[in-house]
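*Asks:* Take a look at the letters that make up each chain.
Protein chains: 2
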Amino acid sequence: MKLFMNVKGRLFLVPNTLGSEDIGKSIPQGIADSFENVSVIFVEHEKVARRLLIQLGLKAHLDQFELVSMKQGINKDVGNKLTSTLNQGKDAAIISDAGCPAIADPGNELVQIAHRIGARVIPHSGPSSILLALMASGFNGQQFAFHGYLSKDSSSRKNQIRVLDKRVHQNSQTQIFIETPYRNQHVFSDLLSECQKKTKICLAVNLTMEDEWIAVNDVEGWKKNRPDIQKKQCIYLIYK
Amino acid sequence: MKLFMNVKGRLFLVPNTLGSEDIGKSIPQGIADSFENVSVIFVEHEKVARRLLIQLGLKAHLDQFELVSMKQGINKDVGNKLTSTLNQGKDAAIISDAGCPAIADPGNELVQIAHRIGARVIPHSGPSSILLALMASGFNGQQFAFHGYLSKDSSSRKNQIRVLDKRVHQNSQTQIFIETPYRNQHVFSDLLSECQKKTKICLAVNLTMEDEWIAVNDVEGWKKNRPDIQKKQCIYLIYK
Chain A
24 MKLFMNVKGR LFLVPNTLGS EDIGKSIPQG IADSFENVSV IFVEHEKVAR RLLIQLGLKA
84 HLDQFELVSM KQGINKDVGN KLTSTLNQGK DAAIISDAGC PAIADPGNEL VQIAHRIGAR
144 VIPHSGPSSI LLALMASGFN GQQFAFHGYL SKDSSSRKNQ IRVLDKRVHQ NSQTQIFIET
204 PYRNQHVFSD LLSECQKKTK ICLAVNLTME DEWIAVNDVE GWKKNRPDIQ KKQCIYLIYK
Chain B
24 MKLFMNVKGR LFLVPNTLGS EDIGKSIPQG IADSFENVSV IFVEHEKVAR RLLIQLGLKA
84 HLDQFELVSM KQGINKDVGN KLTSTLNQGK DAAIISDAGC PAIADPGNEL VQIAHRIGAR
144 VIPHSGPSSI LLALMASGFN GQQFAFHGYL SKDSSSRKNQ IRVLDKRVHQ NSQTQIFIET
204 PYRNQHVFSD LLSECQKKTK ICLAVNLTME DEWIAVNDVE GWKKNRPDIQ KKQCIYLIYK
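As you go down the protein sequences, you meet chains A and B in turn. Following our numbering, the numbering of the first sequence begins with 24 at its first residue and continues without gaps. Following our numbering, the numbering of the second sequence begins with 24 at its first residue and continues without gaps.
There's no promise every hint is true.
Copies of the same chain are indistinguishable here, so a pair counts whether it falls within one copy or spans any two.
For lysine-lysine, the following BS3-like pairs were computed, each having C-alpha atoms within a straight-line distance of at most 25 Å [said to hold, decoys possible]:
id	residue 1	residue 2
1	Lys255	Lys181
2	Lys104	Lys175
3	Lys31	Lys247
4	Lys221	Lys246
5	Lys31	Lys104
6	Lys254	Lys104
Calculated from the structure, these hints are not laboratory results.
Throw the hints in and build the complete structure from the sequences for me.
*Replies:* Encoded structure:
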């Protein structure tokens, strides 16, 4: 009996689609098997997580899962919930609203807790806008850095962009960042004004969606042919 | 007729497994549909690519694909092959030996060619050891950098590690790199000798395989309890 009590549950990290209704091309179907012993799922929005579970064919099992929101952050209650679940030998999972949990998305504090108590953490493959954009950019995939969101303040953001542009040319490191859709035009303008003329910019818009759109041009080229990316999901990559 | 001639083929970027025989948990089955109009596939090793195609259920279609090796690099012939394929309105694909094409793997020069001639580049989701390890580390997923392989020379490698360790503590940026399996013990020793005592190291070993093993500890902790990772597939992450 004591031996059984020592067996910890596992924490599965489950990627979600990037918004596509069709999971066939983005989520491996076999992930569904991982939910057999899962009792608690940590989510951003219940509705979005539930949609993925249904798409994975788990509709009949929805009642077995307790969904715990991470929307208010990983507070003590949320952390304790994971600890007690894993200590009881039950599995848990994290599903974020889009893409991979804990990457440009909440979840990493829960992963830390799992490691701290010695539970196994099992990451599943799935869509990541960062990786998809990097693959499709043709830029350096051997040296790259992701910076999340740049500053909301235009003058600090311009400073940041100049630093990133320097790293591209000095260290041959691809620079990647994201922006909230309604601020895209501002950020793109700052990129065109602050980067060197020869710097290449890849815009990856609405990845995995019907209207996915990925294009590469240098600063001069983009200035002559400026796309409308306002209010679209866009990820930015710069390289030389 | 002219209109038809102007339609370019598409370049699909197709992730491979990280070595697992079972693709169910790592590759979305729907990717198979993309091969309908594919005539040329750029590969590292034909055998490895063929295995994936069979696992995707495309055995009956193998004859329709011309496999072109990228093993000798993307020379002029290889580049011309892609150009003529896409210009003829036929689709092409890239499959690397493990994980995502063009990320710590060949393929990005072909992606550049596709962009240059105005063909669509379509990246597919799948396993990436970098992303899986980062998710499972619990480290900062909002700021991270991937460095590929560090130097083969021990003294330069130690220098590099000290620089990465500084970036962890000064910029809160997760540092990620890989190493060839037979050099793992050397690199791990250098990490333990060059990083600060409080620096956390995540080792992600044999990802997606039966014996997958992911653990986090600080330098002091690892020194007391040193695992044998020699000749295993390992990805290294450091953070504070």
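*Asks:* Each hint: holds or not?
*Replies:* Results of checking the hints against the structure:
no. : hint            : result
1   : Lys255 / Lys181 : within (21 Å within a copy, 43 Å between copies)
2   : Lys104 / Lys175 : neither (34 Å within a copy, 45 Å between copies)
3   : Lys31 / Lys247  : between (58 Å within a copy, 23 Å between copies)
4   : Lys221 / Lys246 : within (12 Å within a copy, 47 Å between copies)
5   : Lys31 / Lys104  : within (14 Å within a copy, 53 Å between copies)
6   : Lys254 / Lys104 : neither (37 Å within a copy, 38 Å between copies)
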